[in-house]
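Asks: Sequence:
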Amino acid sequence: MKKVIFFFVAILFLSPVFSQDNKSIFESATNAYTKKHYSEAADNYLKIIKSGFESPEVYFNLGNAYYKQSDFPSAIYYFEKARKLDPSDENIQFNIKLANTKIIDKADEENSFFIARWWRGLYQLFTYDTWAISGIVLLSLSFVLLAFYLFTLSVNIKKKAFWAAVGVFFFTFMVFGFAQVQYSNSANQKFAIVFTPALTAKSSPDATSTDLFVLHEGSKVKVSDELGDWYEIKLNNGSVGWVKKTS
Numbered sequence: 003m004k005k006v007i008f009f010f011v012a013i014l015f016l017s018p019v020f021s022q023d024n025k026s027i028f029e030s031a032t033n034a035y036t037k038k039h040y041s042e043a044a045d046n047y048l049k050i051i052k053s054g055f056e057s058p059e060v061y062f063n064l065g066n067a068y069y070k071q072s073d074f075p076s077a078i079y080y081f082e083k084a085r086k087l088d089p090s091d092e093n094i095q096f097n098i099k100l101a102n103t104k105i106i107d108k109a110d111e112e113n114s115f116f117i118a119r120w121w122r123g124l125y126q127l128f129t130y131d132t133w134a135i136s137g138i139v140l141l142s143l144s145f146v147l148l149a150f151y152l153f154t155l156s157v158n159i160k161k162k163a164f165w166a167a168v169g170v171f172f173f174t175f176m177v178f179g180f181a182q183v184q185y186s187n188s189a190n191q192k193f194a195i196v197f198t199p200a201l202t203a204k205s206s207p208d209a210t211s212t213d214l215f216v217l218h219e220g221s222k223v224k225v226s227d228e229l230g231d232w233y234e235i236k237l238n239n240g241s242v243g244w245v246k247k248t249s
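Residue numbering for the sequence shown is 3 to 249, as defined by this note's numbering.
Note that these hints are calculated values from the structure, not bench results.
Here the structure is a predicted model, which means the values were calculated and not measured.
Fair warning: there could be bad hints in the mix.
Claimed, not checked - Listed below are the simulated DSSO-like cross-link pairs for lysine-lysine, each with C-alpha atoms no more than 30 Å apart in a straight line:
#  : residue 1 : residue 2
1  : 99        : 86
2  : 52        : 83
3  : 99        : 224
4  : 25        : 37
5  : 192       : 104
6  : 204       : 161
7  : 99        : 160
8  : 247       : 224
9  : 162       : 204
10 : 160       : 108
11 : 70        : 204
12 : 86        : 52
13 : 52        : 246
14 : 86        : 204
15 : 162       : 192
With the hints as extra help, turn the sequences into a complete structure.
Replies: Right under this line is the structure:
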């Protein structure tokens, strides 16, 4: 692969959730990967995730381990989980595109107006946590400017502080809006990766219903509804169908 994030960021070692055991497991996974023991590396990364810890770095490295084994559905699945936690990371974006060149179904571009695509790209620059922290910082700054406006004796400074506070308030609400949209997308929008070699989408949640289209392993779909053992899925090109959950 052309781009690989392979070294663990220091902050993860400082996290109380990232225990000493997990640190040891991560180092074992790293050693296994460098020795091209990709299955062993994947097993160790999975142990970290099963302990309750998650991060874009762990998911990304796990995706790399599966990619090296030519398990492209699993690679895409974990790359996508990494992107969900860090949508702005260029290495994650690159490897998703690279892995998608290895599957049968090529991803269609989402049909949306260019302003909608621009807006989505803007709020996806950072995670909702980053947007929220930025909003808190801006809100604090606006209160400082408001204090200057209320307590300074200089008319000139009052004017500048007032308009600066208005501007910062505007950006504060915009940033909090980005945080809300990102959180809503992360919490409410459900996506899935197809793991069945060939999957036929049906017109209704019934095995005897009409065949609509065929997907292959590695394809990313949006889950829009569910009924019993079935999911309703939607593709970027607008196609909608029902598939078994087990796929």
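Asks: Against each hint, give a clear statement of whether it holds in the structure.
Replies: Consistency of the hints with the structure:
Proximity of residue 99 to residue 86 is assessed by CA-CA distance (about 15 Å); at most 30 Å being required, the pair is judged to hold. At roughly 14 Å between alpha-carbon atoms, residue 52 and residue 83 fall within 30 Å of each other, so this suggested pair holds. This hinted pair checks out: residue 99 and residue 224 have alpha carbons roughly 18 Å apart, not beyond 30 Å. Distance hint between residue 25 and residue 37 is fulfilled; the C-alpha atoms sit about 19 Å from each other, no more than 30 Å.
For the hint linking residue 192 to residue 104, the alpha-carbon distance of about 23 Å falls within 30 Å, and the restraint holds. Proposed proximity of residue 204 and residue 161 is contradicted: the alpha carbons are some 64 Å apart, above 30 Å. Distance hint between residue 99 and residue 160 is unfulfilled; the C-alpha atoms sit about 52 Å from each other, more than 30 Å. With a C-alpha separation of about 13 Å, the suggested pair residue 247 and residue 224 falls inside the 30 Å cut-off, and the hint holds.
Restraint check for residue 162 and residue 204: the C-alpha separation of about 63 Å exceeds 30 Å, so the hint is violated. Distance check on the hinted pair: residue 160 and residue 108 sit about 58 Å apart at the alpha-carbon level, beyond 30 Å; violated. Straight-line distance between C-alpha atoms of residue 70 and residue 204 comes to about 33 Å, which puts the hinted pair past the 30 Å bound. Using a Cα cut-off of 30 Å, the hinted pair residue 86 and residue 52 holds, with the two alpha carbons roughly 18 Å apart.
A distance of roughly 26 Å separates the Cα atoms of residue 52 and residue 246; the hinted pair therefore holds under the 30 Å criterion. Under the criterion of a C-alpha separation no larger than 30 Å, the hint pairing residue 86 with residue 204 is consistent with the structure, at around 28 Å. Between residue 162 and residue 192 the alpha-carbon distance is near 46 Å, which puts this suggested pair outside the 30 Å criterion.
Hint compliance for this structure: hints 6, 7, 9, 10, 11 and 15 are not met, and every other hint is.
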